[in-house]
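Here is how the chains run, residue by residue.
Number of protein chains: 2
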Amino acid sequence: MILDWKEVAGKIYEDIKNKINTLEKKPWLWVILVWNSPASLSYISQKEKWAKYVGLNFYLTKLNEDISQDKLEKEIIKFNEDKKISWFIVQLPLPKHINEQKIINLINPAKDVDWFTKENIWKLFLWDNSGLISCTPKWIKRLLEQYNISLVWKNVVIIWRSNIVGKPLSMLFINEWATVTVCNSKTRNIKEYTIIADIVVSAVGKPNIVTKDMINPWSIIIDVWFNKINWKIMWDCDFESLQGENYITPVPGGVWPMTVAMLIENTYLAFLRN
Amino acid sequence: MILDWKEVAGKIYEDIKNKINTLEKKPWLWVILVWNSPASLSYISQKEKWAKYVGLNFYLTKLNEDISQDKLEKEIIKFNEDKKISWFIVQLPLPKHINEQKIINLINPAKDVDWFTKENIWKLFLWDNSGLISCTPKWIKRLLEQYNISLVWKNVVIIWRSNIVGKPLSMLFINEWATVTVCNSKTRNIKEYTIIADIVVSAVGKPNIVTKDMINPWSIIIDVWFNKINWKIMWDCDFESLQGENYITPVPGGVWPMTVAMLIENTYLAFLRN
Chain A
3 MILDWKEVAG KIYEDIKNKI NTLEKKPWLW VILVWNSPAS LSYISQKEKW
53 AKYVGLNFYL TKLNEDISQD KLEKEIIKFN EDKKISWFIV QLPLPKHINE
103 QKIINLINPA KDVDWFTKEN IWKLFLWDNS GLISCTPKWI KRLLEQYNIS
153 LVWKNVVIIW RSNIVGKPLS MLFINEWATV TVCNSKTRNI KEYTIIADIV
203 VSAVGKPNIV TKDMINPWSI IIDVWFNKIN WKIMWDCDFE SLQGENYITP
253 VPGGVWPMTV AMLIENTYLA FLRN
Chain B
3 MILDWKEVAG KIYEDIKNKI NTLEKKPWLW VILVWNSPAS LSYISQKEKW
53 AKYVGLNFYL TKLNEDISQD KLEKEIIKFN EDKKISWFIV QLPLPKHINE
103 QKIINLINPA KDVDWFTKEN IWKLFLWDNS GLISCTPKWI KRLLEQYNIS
153 LVWKNVVIIW RSNIVGKPLS MLFINEWATV TVCNSKTRNI KEYTIIADIV
203 VSAVGKPNIV TKDMINPWSI IIDVWFNKIN WKIMWDCDFE SLQGENYITP
253 VPGGVWPMTV AMLIENTYLA FLRN
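Line by line, the protein sequences give chains A and B.
In terms of the numbering used here, the first sequence opens at residue 3 and continues consecutively.
In terms of the numbering used here, the second sequence opens at residue 3 and continues consecutively.
This is chain A alone, in the form it adopts within the complex (with noise of 0.2 Å):
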C-alpha cells in the first residue's frame, strides 16, 4: 500500500485554495533567499508554483550572498515589523560567515516557519499548541492522520537523531502518546527496534538502511531522506522489496509535495492567527 502524498498534497492545496478565495486579503508567502545554491533554488520554485495555485501573495527577496551579518539582522528585523508579511522563511542553509543560530533566534516566534526559535522549541517541548509545528515534522502526522493512522500505543522507532528531523519528530510523537525510540548511527542493532516497531521513520540519507527482514508485515514506513550515489538518487528504504504488504511512502517522488503542502498551510494559519 502506497502512503500517496502527491494525493494528500494535493487535497490539502484544494481545501486551501478554496479558503483564500473567500479571503479579501491574501496572505503573503515571503521567501528570503542569501545563498543561491541549486537546491534552494529548486526548492524556492516549487514553494513559489503552488504558493500561486493556491493564492497567495508570493515574494523572493535576494540578498547578496557576501551580506554581513550586521545588515542581514537588520533585514530580518524588517520582516518581523512588516505587519503585511504574517509568515517569512529565511531559505537555510545560510553562508559560512553568518551566524545561522543568531538569524534563526532573530525571527519572531509567530512568524517563524521552521519552528527552530527558543520560543518554538519550547512550545513543542511542553506540548503547547499554540505553536505551529515545523513542515517536516507536521507533514509526517498529516500524511498519517490522512490515512486514520493514530500514534496512541503505537511503537515508533526514528532512524537519527538529527536537529531538523529527528529530535523535533521525537518530541512531537511523544506528546501524542507514542512509544518513540530515537536510533543514531551508534545505535548496536537498529533491527532490534525496527522489528518490534508499529511505524518506522527513516530520515539517514545511507541507501537501503532499512531492508525487509527488519521490518513487520503490519509496520507503516515514513521515508524521509535520500542522497545521491554515483548520481542515482537513493533512498533509505529498500522500496522495491518493502511495497506490497507494507503501509509505504513512494520513491520517487520525493518529500516536496508534503513539505511545500505543509508550508503553504502553515501560511494561512499564521495569517488567520495574527
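Do not rely on the hints blindly, as some may be mistaken.
Put simply, identical chains are the same to the list, so a pair is met inside one copy or across any two.
To be verified - Below are the EDC-like pairs computed for lysine to aspartate or glutamate, each with C-alpha atoms no more than 16 Å apart in a straight line:
hint	residue 1	residue 2
1	K104	D130
2	K188	D200
3	K188	E178
4	K98	E67
5	K28	E50
6	K214	E247
7	K51	E16
8	K54	D17
9	K64	E75
Read the hints as simulated data drawn from the structure, not as lab findings.
Since the structure of chain A is provided, determine the placement of chain B on it from the hints.
Relative to the frame of chain A, chain B by itself:
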C-alpha cells in the same frame, strides 16, 4: 551491585567544599519559597544543610502564599538583577493562582536551576553545552559516569514522558549517543523495550512497574520515583528481586542525596561562570 548515590554525593560535596575553601568570595544559594508544603520544606532543609556544609552562603526568602502574580514577578526581577546571586531557585510547585510558566520564563536563564526556561530547553535540544543541566537529568548522567558507564552504544528505556524527568533526560541521552526509547502510560508492552535495554530509568510513581522478568542480568536500573501507598513508600522498581546481579540504585535512600549534590555543584559552576 548497588549504585551508591550517597557515596557519590559525598565525594561531590568534599570536592566542592575544597574548591569553595580556596575562594575569597563565597557563592550564594538563594531559595524563594511561596508555597509552604511539607514536601517543599523538607527538601529545602536538605538544601540548606548541604549548602552550609560545603561553605555556600544560604538564604531562604519566604513569601506570602497569597502573593499576587505581579508582585511575585517583581521579586523575580530583583533576584535576576542582584549581582551577588549567581543562581536561585523558585521552589515548585507554586500556588494555583500563579501562572507558573510565566514565572519560570522570567528567571534569567543563566540563573535557572531547573533548566525550564525557553533558553535552556533550546540549548538542551540543540546540545549546546554552555547551559547548565537541571538536577534530575544531571545526577543520572553523573551517577553513571562515576561507575564508568558510558552512554554511547547503549540502549536506554525511559519510563514516562514527564516534562521534569522523561523529556529532558531523553534529549540529554540522545545527545550523548544513546539509543533512547521514551515510554508512556499507553505503551503497549514496556517489556519489549526493557528486555533489550542496557539502562532502564523509571520515573513513574507506580509501585513495582519494573520487575525481574522484564530485565536482563546486565541491565542497569535507575529508580527515580516513588509513591506513598497506605503510608508506605513504594518505588517503581521491585528492588528486592532485582538487587544482586544488576547494577541498581538503592531503595530506600531516596534520590535527594544526588539531586541536592547537583544543585550544590550547579551553584558553584554558575558562580564561576557569572
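Each hint, compared with the structure:
1. K104 - D130: between (24 Å within a copy, 13 Å between copies)
2. K188 - D200: between (22 Å within a copy, 14 Å between copies)
3. K188 - E178: between (27 Å within a copy, 10 Å between copies)
4. K98 - E67: within (10 Å within a copy, 52 Å between copies)
5. K28 - E50: Classified as within; 15 Å inside a copy, 60 Å across copies.
6. K214 - E247: within (11 Å within a copy, 37 Å between copies)
7. K51 - E16: Within one copy, since 14 Å is at most 16 Å while 65 Å is not.
8. K54 - D17: Intra 14 Å, inter 64 Å, cutoff 16 Å: intra-copy only.
9. K64 - E75: Within one copy, since 15 Å is at most 16 Å while 43 Å is not.
Of the numbered hints given earlier, the model fails none.
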